[in-house]
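S.K.: Residue-level listing of the chains:
Protein chains: 2
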Amino acid sequence: MNNTFSFPSEQKEGVYQAIMQRRDIRAQFTQDPISEELLDKLLRAAHHAPSVGFMQPWNFLIVRDLATKERVHQGFLEAHQESAEMFSEEKKTKYQGFKLEGIRESPVNLLITCDRERTGPVVIGRTVQPTMDLFSTVCAVQNLWLAARAEGIGVGWVSIIHEEKLREIFNLPDSVVVIAYLCIGHVTHFPEMPELEKAGWLPRLNLDELVFYETWGQKK
Amino acid sequence: MNNTFSFPSEQKEGVYQAIMQRRDIRAQFTQDPISEELLDKLLRAAHHAPSVGFMQPWNFLIVRDLATKERVHQGFLEAHQESAEMFSEEKKTKYQGFKLEGIRESPVNLLITCDRERTGPVVIGRTVQPTMDLFSTVCAVQNLWLAARAEGIGVGWVSIIHEEKLREIFNLPDSVVVIAYLCIGHVTHFPEMPELEKAGWLPRLNLDELVFYETWGQKK
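Chains as they are written, first to last, in the numbering used here: chain A, 1 to 220; chain B, 1 to 220.
Just so you know, these hints were derived from the structure itself, not from any lab. Treat the hints with care, since some could be wrong.
Chain copies aren't distinguished; within one or between two, either way the pair holds.
What the hints assert, rightly or not - Only pairs whose alpha carbons sit at most 25 Å apart, straight line, appear in this in silico DMTMM-like list of lysine to aspartate or glutamate:
hint, residue 1, residue 2
1, K92, E117
2, K41, E209
3, K165, D65
4, K220, E10
5, K219, E89
6, K99, D174
7, K41, E13
8, K94, E117
9, K94, E13
10, K41, E10
11, K69, D174
12, K99, E209
13, K165, E90
14, K219, D65
15, K92, E209
16, K92, D65
17, K198, E36
Owing to the predicted nature of the structure, the values given are computational and were not obtained by experimental measurement.
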């Protein structure tokens, strides 16, 4: 069914293409700079995410300084080594073979944080689900990621680094928590499939198997 | 700067329009049904969210049964009353005046969950940031929300209900946590501004004030 408020077909297609062609970019960054204008468009997309109680708890910390990127990369290396030890021997070798970040190669790194005290202690919609402000900020990450894909810009989310390390490097206040550390840049190409899918690490799940009706576990 | 991988302008515009025109819908649902085909498109958009370690930890539980919606609504009412007591007297009256859910009016409710044990205890990218699977699932929520906006479909996120209540109603297993309870349906219209902004509860923040450079608090 079409309806009054649906977008024209090309615009609708854009939304689905951004969703389907978005990739986590690690190995495909080029050195081409990201213009201030473009970065501002991406941040504006993030800033228009849904936010619990209209709290807008996010901040955006733009990193271009190579010395800072090196410190973050060092933090990644430490956490990466520590993480490798958690896998079985067979998986460990495969894990170590993956390229999992593009911190130094990407022209822009972006730390997205959530200020848990932004609008005071009582926030509409966060009263009984205290993680809602964190989740709002994740929505901002996804907005940025999709806008970036539409602009032909790659984004990679680096989660193999301790939050403590990022807090220390960027001198975050106590009320502020890390949500995402992103690498942003132009790319040589967007891989056709997620890299872990292509590498046979895990398969794409069948959507039908993930959908239930009326109660947990009930199929149609 | 344009580049090889950027979308055609109409498609790009679609992404930005979905981001800017997306609203949290509570009071504008109509009774028109959502077709299976359309719902499947929205779930497919959610299913193509980024997921840490390609874990795809989500499930989608579709609710159309009014008796179930009534139970969820009862859970909302209890949490809503409890929440009202947290506000100062002045804000409490205003809080109580807001319409904050469309559980019974929307034709489809959707519970989106995260199975924390989906692919075993060790997940690439979740080794030192244990909330990453939750965050992946939030990205799925945002994908669905944007695809819905492009289709002219309204979505509202109900967070004023205790997770325990939802676990009980839907009989969730221990490894599965609630990420979002959504109301989905056609709408009479999409409000021009977020409702809490329009009501003067909180203002839209100035993006420039939220952006820092190189370290916390540093302006350009």
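S.K.: All hints, please: hold or fail.
M.R.: Tested hints:
1. K92 with E117: Answer is between: at 19 Å across copies they meet the 25 Å cutoff, but 40 Å inside does not.
2. K41 with E209: between (37 Å within a copy, 15 Å between copies)
3. K165 with D65: within (17 Å within a copy, 48 Å between copies)
4. K220 with E10: neither (33 Å within a copy, 38 Å between copies)
5. K219 with E89: neither (38 Å within a copy, 47 Å between copies)
6. K99 with D174: The answer is neither: 32 Å in one copy and 34 Å across copies each exceed 25 Å.
7. K41 with E13: So K41 and E13 pass the 25 Å test inside a copy (20 Å) and across (12 Å) alike.
8. K94 with E117: Only across copies: K94 and E117 sit 21 Å apart there, 41 Å inside one copy, limit 25 Å.
9. K94 with E13: neither (36 Å within a copy, 40 Å between copies)
10. K41 with E10: both (21 Å within a copy, 16 Å between copies)
11. K69 with D174: Answer is within; shortest intra-copy Cα gap is 22 Å, inter-copy 40 Å.
12. K99 with E209: neither (30 Å within a copy, 35 Å between copies)
13. K165 with E90: The answer is neither: 29 Å in one copy and 42 Å across copies each exceed 25 Å.
14. K219 with D65: between (52 Å within a copy, 14 Å between copies)
15. K92 with E209: Result: close neither inside a copy nor across copies, 29 Å intra and 43 Å inter.
16. K92 with D65: Classified as neither; 32 Å inside a copy, 47 Å across copies.
17. K198 with E36: neither (34 Å within a copy, 30 Å between copies)
Hints 4, 5, 6, 9, 12, 13, 15, 16 and 17 from the list above are not met by this structure, while the remaining hints are.
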